[in-house]
Every structure is written in C-alpha cells, then in structure tokens.
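Quick mapping for you: the protein sequence lines, in order, are chains G and R.
This note's numbering numbers the first residue of the first sequence as 1 and each following residue consecutively.
This note's numbering numbers the first residue of the second sequence as 1001 and each following residue consecutively.
If you are wondering where the hints come from, they were derived from the structure by calculation, not from laboratory data.
Beta carbons: idealized from backbone N, C-alpha and C, even for Gly.
Each hint should be verified, as a subset may be incorrect.
Said to hold, decoys possible - Covered by chain G, according to a simulated footprint, are these stretches of chain R (three or more residues, beta-carbon under 8 Å): (1) 1041–1052; (2) 1055–1063; (3) 1094–1106.
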Amino acid sequence: QAVVTQEPSLTVSPGGTVTLTCGSNTGAVTAGHYPYWFQQKPGQAPTSLIYDATSKHSWTPARFSGSLLGGKAALTLSGAQPEDEADYYCLLTWPGVRIFGAGTKVTVL
Amino acid sequence: EVQLVESGGGLVQPGGSLRLSCGAFGLTLSDHWMNWFRQAPGKGLEWVGNTSPDGSQRYYADSVKGRFTISRDNAKNSLLLQMNSLRAEDTAIYYCGQVAYWGQGARVTVSS
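In isolation and in its complexed conformation, chain R is listed as follows (with noise of 0.2 Å):
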C-alpha cells in the first residue's frame, strides 16, 4: 500500500520560512515525477511544483516561483518544499503526491 506522509506545517509569520517534508512508504519517490500541490481554506486546488525522478529539473507555479524550492533526497525517499517570504495567502494545506497518490496534508498557517 502506498502512503506519502507530510510533516513540518504549522503558524509562521509573513516574511518567515517553513520547510515540509514528505516521506513516501510503498512507493519510491526516485522513479517518479513528484508534486506539491495546496489547497487555500475554503478553496480549490493549486497545483505548486514539481520535480523529474533524478531532481534535475523544477517547474513552479507564478504564485511561488522564486519563493519555493522543491528538492528530493532519494537516499531517504523523500520529498522537500522549502518555502521563504511566506505570504498570507501561502496560507493553505500542503499536499505532496505522485498525482495518482497523495499523503493527507500539512497545514500552513501565515499570520501574525
């Protein structure tokens, strides 16, 4: 059974970084193209990023684009969005998923 599990949300400021993680089980992250995708309260989906199996090549959302940076460490099965100059309206849950799996969420809040 495949899981993807996300971690490392939570209330941060404008202006402050955050970085989540996500950590695959069942599935191995190097063969895939792997994505961030969110979710605003209240609202629809939003695709993020994503990042080809080897890591060498990134695509961003405008929204995020010199912002966030995806990065993977294969070596741990693992999926990693770091994300600077929070917003207000990063405010939204976290999703990483392969498209056809996806982990359950890591909420971000960004207020003061």
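For reference, chain G alone in the conformation it holds in the complex (with noise of 0.2 Å):
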C-alpha cells in the first residue's frame, strides 16, 4: 500500500510564507491523484482548503494556495496568521483507494 508522506512539523513567523509538501512514495504526485488538502484545529472536524492539487473553495482564505511541485503537491500559506495554526493533511486517491499523510503541524511563531 502507498505511503503519503509529510514534513511533520514546519514553524512560520507572523506574516511569512511557509510551504507544505505531499509525496508518495509510489512515485510522483499528480494531478491524477486528485490532491486534497485540509485544515484541523484543536477538538474541530477538518475543513478542507484545497481540492484538486490547485483548487480553492468558495470559504478557502486567499492565503492559502495548492500546486504541484516537483512530483510532490505543495499547500502554500502567505502571509500567515496566528488563526492559521493547526495541522494540515494531504489525502491522496488511486484506484478505489484514498491515503492521508500523517499531517503536518504548523507553528505560527
């Protein structure tokens, strides 16, 4: 079985940029594995901020920002906020199969 794999944790200043990655150890990430990424804060359900490697929701902050990069996804947070705070989960898809990574917990600091 794949295994998605995650920074697990990443430290960013108020107001910086911090990047975080989505591998797989099958091999590249694309835009086939239809990447989606999600945003749990403490005793809340994950909300999700992006689907589809690139796509936003209607409530995604502006902030936040998915790509592909380097056979990896990649959630970007610029300009980051004290509310941004949280772990932030990758989930991917093959066929009749979805994998989460591990998470990453990111320090606004």
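Now that you have both chains on their own, put them together as the hints suggest.
Shown next, in the form of structure tokens:
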C-alpha cells in the first residue's frame, strides 16, 4: 500500500510564507491523484482548503494556495496569521483507495 | 448551507457491532461519492471507505475490509456505516464526508 509523506512540523513567522509538501512512495504526485488539503484545529473537524491540487473552495482564505511542485503536491501559506496554527493533512487518491498523509503541525511563531 | 450530521456513536464491547448514520442538509448525497473517515485519539486522519453515487461501488481501507459495510439510503438522503467485529483499535471519531464537506463526527469507543 502507498505511503503519503508530509513534514511532521513546520514553523512560520506571522506574516511569513511556508510551503507544506505531500509526496508518495509510489512515485510523483500528479493531478490524477486529486490532491486535497485539509486544515484541522484542536477539537474541530477537518476543513477542506484545496481540492484537485490547485482549486480553492469559496471559503478558502486567499493566503492559501495549492500546486504541484517537484513531483509532490504543495500547500503554500503566504502571510501567515495566528489563526493558521493547526494541523494540515493531504489526501491522495488511487483507484479504489484514498490515503492521508500523517499531517504537518504548523506553528505560527 | 451544507450540513452533515453523524449519529449512532457510543461505547461497544470488543467483537460487538454498531451502526452509524449520516444525514445531510443542503447536499443531495445521491449526486456524490460519499466517504467515511476516522481519527483515533491523538492520531491522524484515516480514510475508512467510500461509495459511488448509486451505491453500486464500494471501497474500503484494508484495516476495515470484511468488517465494515457502507451503504446509503438515497430516499432519506443518508449514508450508513455498519461496523461489525469491532476492535479496540477502531476507537475513533468517525466522520462522514463528501471530501469537501464533513460532519462534526460521531465518537465510537470499543472497550470492555
């Protein structure tokens, strides 16, 4: 079974920029994996931020963007706010199975 | 506004069964692939399984295959998760979701 990899933790300064990545041990992540990015704050259900690698929902703050970069999916946070401190998970899809990464804990400090 | 509401969680003994339901408001479930996800205490997210809009296709994570069954009642606009042969490691908050939209979750505790 595939393994989806994410950085365990990242720190960003308020107003700064940070990029989270999402890779796979099976090879390059492509649009065909329909990458999703979720934000989860303590005690809350996850919220979808990005779908199909680059598309935003109506509720996604403009400072979040998704891309495919160097064989991985990437989530970039530009202009970090204190309320962006959270866990971030990516989700990739293969035929008949979906797999989450272990998550990245983002600290805004 | 889309709202998904899970129900049916609770405490069950190892080897027991439980059925979760997910009702939807503002979203017609029969238009979408629908999923169940879960999150064990202090752990990350795990995809449990999903079903096609008409219910004819269902896929499951290896960890629940043969024990869990996803079904839907499109007439009631609801999604079901039948969980059998429950184990301690199935203890988690269970979420239904269209992927973009998630419910608030139902807590399932498997313990004697």
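- Task: Check each numbered hint against the structure and report the violated ones by number, ascending.
- Result: none
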